[in-house]
Amino acid sequence: MRQWKEESRFLSNTAQMAMLKPYQRIIGMGWSAVPLILEELRREPDQWFWALEAITDDNPVPLQAAGKVRLMAQAWLEWATKQGLLRT
Amino acid sequence: MTPTEAFPGLTPNNHHTTSPASDDYNCIAWSAGDNENWWQPNVFWPIQTSPNDFGIGVLEQLFHALGYEDCGLDFSLELGIEKVALFGNSLYYTHSARQLPNGKWTSKLGKAEDIEHDTPQIIAGGVYGELVQVMKRPIPT
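For the protein sequence lines, the chains are S and U, in the order given. The first sequence runs 1 to 88 under the numbering used here. The second sequence runs 1 to 141 under the numbering used here.
Read the hints as simulated data drawn from the structure, not as lab findings. Any given hint could be a false lead.
Here chain U is said to cover these stretches of chain S; the calculated rule only asks that three of the stretch's residues, wherever they fall, bring their Cβ under 8 Å from a Cβ of chain U [to be verified]:
| hint | segment |
| --- | --- |
| 1 | 5–18 |
| 2 | 24–37 |
| 3 | 40–53 |
Yeah, the Cβ is synthetic: ideal placement off N, Cα and C, and Gly gets one too.
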């Protein structure tokens, strides 16, 4: 995760960020990566939404939160709590 | 990746930092005058796009929808006109920068800081690929 953060620091296109090898490796881990991503999202909101959507095939972000990174993170964390994937 | 690796044309003499780092907004938002949203096709984007299209054409369409017209690679200062510079590579749009009233340019560098830089080309040639297009519109009144 740290490597991806480092490599994506200056990027703005989320698709480009998601194609970086460290990010692809995380997606490749499948569901086992989800708790790690969620913990990271709770620690520091970042563009992990692409990975979460790819792995879980879900998207709990309401329309009014789209584009607002902190609200998007919050929506995923609430989703994860409801799913029992994250302790409050 | 250091700024020097990412932007080989950036030197201490041709730019300065104008904001703290923030991952709340990106360069596209900043070019469009928004510092509250991360603009991304299919997430937060004012126009409809194809689901898997993240190329330079999508960015051109966006700024066209915001009232900008293509002006080639003319990044000179024109009275009453504001310009944006679009960057990309063969796969993706990578960046946009906005001209300031003083003729210099402002860029949000991904999740990092905003900078003011002398010309658009200064930030080309590294992670942003090439300066592909400049677009202009009358400054909204």
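Evaluation of the provided hints:
no.	hint	verdict
1	5–18	holds (count 11)
2	24–37	violated (count 0)
3	40–53	holds (count 4)
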